[in-house]
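Enquirer: Residue numbers (my numbering), protein chains in the order written: chain A, 1 to 50; chain B, 1 to 152.
In short, the hints are calculated from the structure, not lab data. Among the hints, erroneous ones may be present.
[Claimed, not checked] With a straight-line Cα cutoff of 27 angstroms, these simulated BS3-like cross-link-like pairs (lysine-lysine) come out:
(1) A:K24 / B:K77
(2) B:K77 / B:K87
(3) B:K87 / B:K150
(4) B:K31 / A:K9
(5) A:K9 / B:K150
(6) A:K9 / A:K24
(7) A:K24 / B:K124
(8) B:K150 / B:K77
(9) A:K24 / B:K31
(10) B:K31 / B:K150
(11) B:K150 / B:K73
(12) B:K124 / A:K9
(13) B:K73 / A:K24
(14) B:K87 / B:K73
The chain contents come next:
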Amino acid sequence: MTQAELAEKASVTRQTIIALEAQKYSPSLELAFRIANVFDVPLEEAFQYN
Amino acid sequence: MKFLNNYSNRELNIWAELILDILVSFYFFPKIFPLIIDGQLYSDALVGIITTSIILAIVYSIVVFGAINALTKREEKDERDYIYELKSYRISYYLSHGGILGIICLIVFNALYQENIGLLTPPKIAMILLIIALLSSTGKSLTQLFNYRKNI
Chain A
1 MTQAELAEKA SVTRQTIIAL EAQKYSPSLE LAFRIANVFD VPLEEAFQYN
Chain B
1 MKFLNNYSNR ELNIWAELIL DILVSFYFFP KIFPLIIDGQ LYSDALVGII
51 TTSIILAIVY SIVVFGAINA LTKREEKDER DYIYELKSYR ISYYLSHGGI
101 LGIICLIVFN ALYQENIGLL TPPKIAMILL IIALLSSTGK SLTQLFNYRK
151 NI
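The following block holds chain A by itself, in its conformation from the complex (with noise of 0.2 angstroms):
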């Protein structure tokens, strides 16, 4: 899956799937239930914090 597309299905900009990736920003709980989502996965699977 593409940046693009994850950002289209997570209703965010694509800049925020780079700052995402690059560990520069915190999703809101709400944003990441949807990537958890998307991905079909638990939201521990999806993140986690170090």
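For this one, chain A is given, so just place chain B on it according to the hints.
Expert: Okay, now just chain B, sitting in the frame of chain A:
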């Protein structure tokens, strides 16, 4: 065109806004200050400068913002955009309120020590307010751009 891919539509619009602020201030203030100093602020020259500034700003907006929105895909604001917008409004708020506080101090000091500072006329205060508005707008744009670039 490749560099456009690295910038979102929103970022390009903020850059355009920032450049407009800078262009207007470089055109407007060097022309208006001599008029204030000479006490000719109510002359026809002032009308000409203001009219030209407005026309230039409108032409610039049509051309540049039109080109940006034609060349890049317009995106809806997401949560990150709103967060950065709020941060930039905070900076803008501090700048404008700091400026207004500065004007109040200037008026008080002017009243107390008129001979040292010189008479603060309404046109001078209006120009100071314009400068504050410009600084506030520039600060807002710079904060947004800084946040966008910091996180990429």
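Enquirer: Give a verdict on every hint.
Expert: Hint-by-hint comparison with the structure:
1. Restraint check for K24 of chain A and K77 of chain B: satisfied, since their Cα atoms lie roughly 18 angstroms apart, inside the 27 angstroms limit.
2. Taken as a hint, the K77 of chain B and K87 of chain B pair is honoured in the structure, with Cα atoms around 15 angstroms apart against an allowance of 27 angstroms.
3. Our distance criterion of 27 angstroms between C-alpha atoms is met by K87 of chain B and K150 of chain B, whose separation comes to about 14 angstroms.
4. Taking the CA atoms of K31 of chain B and K9 of chain A, the gap is about 51 angstroms. The hint is violated against a cut of 27 angstroms.
5. Under the criterion of a C-alpha separation no larger than 27 angstroms, the hint pairing K9 of chain A with K150 of chain B is consistent with the structure, at around 25 angstroms.
6. With a C-alpha separation of about 21 angstroms, the suggested pairing of K9 of chain A with K24 of chain A holds against the 27 angstroms cut-off.
7. The hinted pair formed by K24 of chain A and K124 of chain B fails the criterion: a straight-line CA distance of about 45 angstroms is larger than 27 angstroms.
8. Restraint check: the Cα-Cα separation between K150 of chain B and K77 of chain B comes to about 18 angstroms, which is no more than 27 angstroms; the hinted pair holds.
9. At roughly 44 angstroms between alpha-carbon atoms, K24 of chain A and K31 of chain B are farther apart than 27 angstroms, so this suggested pair is violated.
10. For a cut-off of 27 angstroms, the pair hint linking K31 of chain B to K150 of chain B is broken: about 36 angstroms separates their Cα positions.
11. Distance hint between K150 of chain B and K73 of chain B is fulfilled; the C-alpha atoms sit about 22 angstroms from each other, no more than 27 angstroms.
12. Simply put, K124 of chain B and K9 of chain A have alpha-carbon atoms about 53 angstroms apart, too far for the 27 angstroms limit, and the pair is violated.
13. The suggested pairing of K73 of chain B with K24 of chain A holds, with an alpha-carbon distance near 24 angstroms, which does not exceed 27 angstroms.
14. About 24 angstroms separates the Cα atoms of K87 of chain B and K73 of chain B, which keeps this hinted pair within 27 angstroms; it holds.
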